[in-house]
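Participant: Now for the letters of each chain:
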Amino acid sequence: AQSVTQLGSHVSVSEGALVLLRCNYSSSVPPYLFWYVQYPNQGLQLLLKYTTGATLVKGINGFEAEFKKSETSFHLTKPSAHMSDAAEYFCAVTRIGGYSTLTFGKGTMLLVSP
Amino acid sequence: GAVVSQHPSRVICKSGTSVKIECRSLDFQATTMFWYRQFPKQSLMLMATSNEGSKATYEQGVEKDKFLINHASLTLSTLTVTSAHPEDSSFYICSARTSGAFTDTQYFGPGTRLTVL
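Chains as they are written, first to last, in our numbering: chain E, 1 to 114; chain V, 1 to 117.
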């Protein structure tokens with residue numbers, strides 16, 4: 001069984017500040033990990049993913065995440081927040097190979113203030 | 001690449017009617033499509049998984065006779081909400097996955113907002 005925990009349903013940052021969204025997973029087998037972003041009344045857009053290889057992955061819009069097996073974490077970061085980053089962010093996990101379904105976290109709403 | 005569309009984007013219907021939502025993969029063949037439901041301020045809940053040419057696999061608690069899924073081609077899956085009731089009002093999102101080089105990633109449609117009066 002797999003599960004995802006996103007710490008903090010809401011995260012507030014000032015424009016230009018560091019963004020850190022936390023994600024911890026539980027998986028009995030090697031995982032594939034994903035971060036998706038959802039803007040209001042829209043579907044999900046893939047930000048980045050970890051499958052195999054380099055543990056630090058870079059995505060779109062300046063986001064990156066690091067897979068830390070020892071900590072079972074896949075935290076999402078961005079050095080400098082923009083107003084346009086305000087959205088809901090979902091961490092998700094699936095089994096290696098990707099042939100199983102995605103398990104989503106509950107989501108974290110990122111609020112960016114001027 | 002990897003674009004998924006949904007139609008309609010928004011639908012309002014009367015209680016007791018049926019509503020069909022289409023999900024299309026525009027630039028790739030989707031051997032597997034997924035249907036999710038999302039309530040306000042909540043995460044996505046997987047309803048069912050459909051593979052082209054075979055019956056959908058429904059998650060526990062999802063009524064297969066109420067939520068009819070058809071995946072007749074490699075680019076189209078449909079979700080029909082039969083005899084809709086106000087409690088079926090929700091945001092329905094589909095996703096698609098290919099069997100080629102990107103089997104690990106699901107690509108999501110923009111969602112369909114269903115309101116049942």
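The set of hints was computed from the structure by calculation and includes no laboratory data. As the structure is a prediction and not an experimental result, all values here were calculated from the model. Ideal Cβ positions, reconstructed from N, Cα and C, are used throughout, including at glycine. Treat the hints with caution; some may be incorrect.
[Said to hold, decoys possible] Sample of chain E residues facing chain V (criterion: CB under 10 Å; computed from the structure): (1) Gly8; (2) Ser12; (3) Phe34; (4) Gln38; (5) Gln42; (6) Lys68; (7) Ser70; (8) Thr72; (9) Ser73; (10) Thr94; (11) Thr101; (12) Phe104; (13) Gly107.
Participant: Please go over all the hints and tell whether each is borne out by the structure.
Facilitator: Right, here's what the structure says about each hint:
For Gly8/E, the shortest C-beta to C-beta distance to chain V is roughly 14 Å, which exceeds 10 Å, and the interface hint is violated. Interface hint at Ser12/E: violated, since its Cβ lies 16 Å from the closest Cβ of chain V, which is beyond the 10 Å cut-off. Taking 10 Å as the C-beta cut-off, the interface hint given for Phe34/E holds, the closest approach to chain V being about 7 Å. Taking 10 Å as the C-beta contact cut-off toward chain V, the hint placing Gln38/E at the interface holds, the least distance being around 9 Å.
The beta carbon of Gln42/E is positioned within 10 Å of a beta carbon in chain V (closest approach about 5 Å), and the interface hint is therefore held. The interface hint given for Lys68/E is broken, as the beta carbon of that residue sits about 20 Å from the closest beta carbon of chain V, more than 10 Å. Checking Ser70/E against chain V: minimum C-beta separation of about 23 Å lies over 10 Å; hint violated. Annotation: Thr72/E was flagged as interfacial toward chain V, and the flag is violated, the nearest CB pair being 19 Å apart, outside 10 Å.
A least Cβ separation of about 19 Å between Ser73/E and chain V goes past the 10 Å threshold, and the interface hint is therefore violated. The restraint placing Thr94/E at the interface with chain V holds, with a minimum CB-CB distance near 7 Å, inside the 10 Å limit. Using the Cβ-Cβ criterion of 10 Å, the hint placing Thr101/E at the interface with chain V is satisfied: the shortest such distance is roughly 6 Å. With a least beta-carbon distance of about 5 Å to chain V, the hint placing Phe104/E at the interface is held under the 10 Å criterion.
Here the hint on Gly107/E is kept, as its CB sits about 5 Å from the closest CB of chain V, short of 10 Å.
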